[in-house]
Amino acid sequence: MTEPQKKVVKLETLDPGFSEAISKAGGEKINLCIQCGTCTASCPSGRRTAFRTRQLIRRAVLGLKEPVLSDKDLWLCTTCYTCLERCPRGVDPTDVILAMRTMAVQSGHMLDRHKLVASLVMKSGHAVPIDDTNRKTRTSLGLSELPPTTHTHSDALAEVQAVVKKTAFDKLVGYEWK
Amino acid sequence: MTKPYAFFLGCMIPNRYPGIELAMRNIAPTLDIELRDMEGASCCPAPGVFKSFDKSTWLALAARNLCIAESMGCDILTLCNGCYGTLKEANEILKTDSEQRDKVNTILSEVKKEYHGSIQVRHVAEMLYRDIGTDKLSNMIKKPLPLNVAVHYGCHLLRPTKYREIKSSERPRFLDEMVDALGAKSIPYRDKMLCCGAGGGVRTAALDVSLDMAREKLQNIKDAGADLIVTPCGFCVFQLDRGQIEIKDKWGVFFNIPVLHYVQFLGLALGLSPEKLGVYNNAVPTDSIIKKI
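Line by line, the protein sequences give chains A and B.
If you count by this note's numbering, then the first sequence holds residues 1 to 178, one letter each, in order.
If you count by this note's numbering, then the second sequence holds residues 179 to 471, one letter each, in order.
By construction, these hints were calculated from the structure, which means they are not laboratory data.
It is possible that part of the hints are untrue.
What the hints assert, rightly or not - Cβ-to-Cβ under 10 Å is the rule here; a few derived chain B residues that face chain A:
#1 Pro182
#2 Ile191
#3 Pro223
#4 Lys233
#5 Leu239
#6 Thr284
#7 Tyr307
#8 Lys340
#9 Cys373
#10 Ala384
#11 Gly449
#12 Glu453
Built from N, CA and C at the ideal position, the CB exists for glycine as well.
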């Protein structure tokens, strides 16, 4: 027979204010969770990975701040919102996850690849900017080579850049202006 | 009377699937819609990533886009569920939460813009269904499309329902009705409402997980015997079309299922030539369906 696992969680390692902080960051209803598991059962990511929404919320309510925020699984949610629609307590788990992500980014846990996507918007105004292949495709279809977006309006791009400077998003992501 | 819309392009459609942009521009006159370009619009910005990183930046950049449409005096029309998610939600938040609106307007004063809350954000699928309707659509068709279609709604068209016009997200029917109205047949398939796997920054963070979700979806669609996938979202088109090549390279399985955006599919039924609908620029060839119609 398998021995029961003994996992000890020491009270002094917990941050009792963590769920309150998540609540303030946009996951207002986290404390309503009754651990029914509807979220986990509905999750398309959890079907193929170790990502468990219910567990994530339980750990957060317990106050396991650093382990939750540094967990890369936090980034496996596709924001399909199925759990949010089905949660019988109206916890809005997707909003809770988004709040945790925001706190993770603030405490320096941002993936390099996400930093790259963010920097593309600061550089071009687009998370997916035009490339040479699609310049040609656009022309061959009879469309303008560049779309009428920040790609053709440098003053509009300057506005986008002014906004991210004002919100200090550039500093948050560690973007270096050239 | 022709209704003018502020045409929001986003990123994926103009920069990776310009054929979808072309199709919308070409079907608009038939539908009595006037599209006006939103000069200087940016990324919506992407809901999964930007809203995750920093909500105030997400809201401010979305508000800047909303302001462009406000200055044009037009409602926004978008062809991408991600753009719809961001712009629709940001618009609702800013209309109802005066504290957030004041904060955003302080940021926007930096670029001499001010959000007023004077417009609506529409998704093309929702607009076609509610403003034109399936009866009118089916009366307009010149070329019925005898095809078995796997309809993929895409999550952000429907959820979260608190910020959506159409409140059914478990078993919606409206897009299936819009496909059937074109003489095609929307066929049932297993786990139809499953996410394509691209959203929430997962495609960027964990490509394997993202593609595995697409693989499950594509397998279910293949098993049901669909001729093609029709979806109203530019990002889902990218994931389900380009993703098939990535899945082939990674795992050696090639599903070979053509993918079209709903506006391209509608265009075919309206009798426009495939060239005018930009259907030949996909990663998975679409010739098989053009031959059948």
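For each hint, the structure was consulted:
1. A least Cβ separation of about 16 Å between Pro182(B) and chain A goes past the 10 Å threshold, and the interface hint is therefore violated.
2. With a cut of 10 Å, the hint placing Ile191(B) at the interface with chain A holds, because the nearest CB-to-CB distance is about 9 Å.
3. Hint status for Pro223(B): holds, given a least beta-carbon distance of 6 Å to chain A, under 10 Å.
4. Because the beta carbon of Lys233(B) sits about 6 Å from the nearest beta carbon in chain A, less than 10 Å, this interface hint is met.
5. About 6 Å separates the beta-carbon of Leu239(B) from the nearest beta-carbon of chain A, less than 10 Å, and the hint is met.
6. Taking 10 Å as the C-beta contact cut-off toward chain A, the hint placing Thr284(B) at the interface holds, the least distance being around 9 Å.
7. Interface hint status for Tyr307(B): violated, as the beta-carbon distance to the closest one in chain A is roughly 20 Å, over 10 Å.
8. For Lys340(B), the suggested interface contact is upheld, since its CB lies about 9 Å from the closest CB of chain A, less than 10 Å.
9. Because the closest C-beta pair between Cys373(B) and chain A is about 4 Å apart, less than 10 Å, the hint holds.
10. At about 6 Å, the closest approach between the beta carbon of Ala384(B) and any beta carbon in chain A falls short of 10 Å, and the interface hint on this residue holds.
11. Restraint check, Gly449(B) versus chain A: the minimum CB separation of about 19 Å is more than 10 Å; hint violated.
12. At about 8 Å, the closest approach between the beta carbon of Glu453(B) and any beta carbon in chain A falls short of 10 Å, and the interface hint on this residue holds.
Against the hints set out earlier in the document, violations occur for numbers 1, 7, 11.
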